[in-house]
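Undergrad: Residues per chain are reported as follows:
There are 2 protein chains.
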Amino acid sequence: MDDTTGEITPTILVHGGAWAMPDETELAETNVGGVKAAVKVGYEVLVNGGSAVDAVESAVRCLEDNPVFNAGHGSVLNSLKEVEMDAVIMEGDHLNAGAVACVQNIANPDSLARLVMDKTDHVLLVGQGANMFATEMGVPSVPMETLVTPNAVKRREEMKTYNQAIKKQYEIRKIDEAVPVQTGHDTVGAVALDSKGNVAFATSTGGINAKRPGRVGDSPLIGSGGYCDNRVGAVSTTGHGEAIMKVCLAKHIMQYMEQGYTAQEASDKAIQYMTDRVQSSGGVITVKNNGEIGLSFSTERMAWASLQSNTLNYGLNPDEKSSEKYTI
Amino acid sequence: MDDTTGEITPTILVHGGAWAMPDETELAETNVGGVKAAVKVGYEVLVNGGSAVDAVESAVRCLEDNPVFNAGHGSVLNSLKEVEMDAVIMEGDHLNAGAVACVQNIANPDSLARLVMDKTDHVLLVGQGANMFATEMGVPSVPMETLVTPNAVKRREEMKTYNQAIKKQYEIRKIDEAVPVQTGHDTVGAVALDSKGNVAFATSTGGINAKRPGRVGDSPLIGSGGYCDNRVGAVSTTGHGEAIMKVCLAKHIMQYMEQGYTAQEASDKAIQYMTDRVQSSGGVITVKNNGEIGLSFSTERMAWASLQSNTLNYGLNPDEKSSEKYTI
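Residue numbers (full-length UniProt numbering), protein chains in the order written: chain Z, 1 to 328; chain U, 1 to 328.
Bear in mind the hints are in silico, worked out from the structure with no lab data behind them.
For chains that are exact copies, the list does not tell them apart, and a pair is met inside one copy or across any two.
Below, computed lysine-lysine pairings styled on BS3-like, alpha-carbon distance capped at 30 Å:
#1 K160 x K119
#2 K321 x K167
#3 K40 x K321
#4 K119 x K167
#5 K119 x K154
#6 K168 x K269
For reference, chain Z alone in the conformation it holds in the complex:
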């Protein structure tokens, strides 16, 4: 809410995944550059009077198309060296939602999730059924190779098992403990508040390296990979999917906000709860329906960016925030 006019200030946040990103200049630049580009795309939708749900879809498409991130183009490879993707989108007015899981050969899984929301009586379609629906909707099937990047292949070679990937990316480390050197990446997501007071979220991912075929993480699941409700706000999560599901991380944050905590307090408390209760790590971006922003992560790094009142904020490391002016 803009205090001077009483109008709602359009707001958007995106993340490029919370994980044990090593301290490499190129990696930092491409990740931060990617989230900054995506947040601008979503903000333009909002400033032009578009809805929160259109904004998060546009921002997440931008991240899916960017090979730097583990979603759409750039997704990790499973144990069979195949790409299986999960995505979700939700709007906070009537709590409408759509999701796909374990879908293959789709360039923009989040837009397919949007079609599930808009065109079916269902919320979640998985596997071959999701691909049958895509065909029905005229969504092109793309060859798997077009989604696979050299980085995804390299990473699959480096981390031969799922357990190894989890340990390297999400293990809770002591302060000063070395971050494992790797070329990983994680889930992307966006949350938005539009000028009419509608909130929305979207999350999209290729999952975790070397996962079993058919493995689905938290990302496409309402309450785990994200949640939104106009009466409260919106959340998108990232991190160790199995751990996030066990605590229903997104719904947990909503609960804290309902209890009166700020978006930042709710985000911090929920990430701490996940550390305490299931000893694993992740990150969240949050917007409250009053325009408050929150973000928190227990991994080494999470690329994020926000845009509100023509101010672009972004960061990668804990307690790091850069600001610049940005006008459409």
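Following the hints, complete the assembly by docking chain U onto the known chain Z.
TA: Chain U only, in chain Z's frame:
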């Protein structure tokens, strides 16, 4: 908790699905008979010192094997007239969980979910990947025909579309409005508290008649189809899956219990919330970690049974409870 000894009283509840069950004597008898049989199986596990998670798995296997219920043998048919099943199991100590969705040719999906929990680093496996895992574990693949009952075929003929099924089974009706005549059935589930203070839940379903291939409902999703935490209690849900997912019904009930509401108050409040927020219906069974029991449903009927301190309670209609003594 037993007030006289300070010991924890083993407790189990099961449900056979909340839906617009018509008022037919045979249907009532088979449904109530089925949940009474299942709750006894689970109670025997508890009384013999077994764990809550073993008890809920045993009870749900019993319901999956019973052709009266829509889970395992007796599952409904999707739009392609095929059986695709979802199941989940969770224990409340470390929040470990396993689930399968859109799995075919498995007699006891909940036991496959248990294997996901016990034998993998994952929580949820879907579609062909879930069946590949079943093969790896030596779980037999059964011909689909062995899971299909004449009732499921009849129902599929009667209700040609998913939307029709939803309207008939879960639409919020005015008082005195006629219940549609049909031969439906729904999701099964169990919650338990063992003598060591561990809680668990399990839910299993064939989904909803005429669903799209690949459609997954709330049942296998942690926080929607159920939730449990030794610090609070356990919940299993049933009803209109898409609506349950949108409100994360199980996690919502946990939240109310954490706020101090009794198991019954939390269950009633959450079902009312679902009616208000997404205008659809369902049912829940709940046990708090102090042994309190709750159950609530907004559909016409829900077959349920509970066993605690050698007292077997059961019912089918709103505000109906029968009691009898039962000793192992």
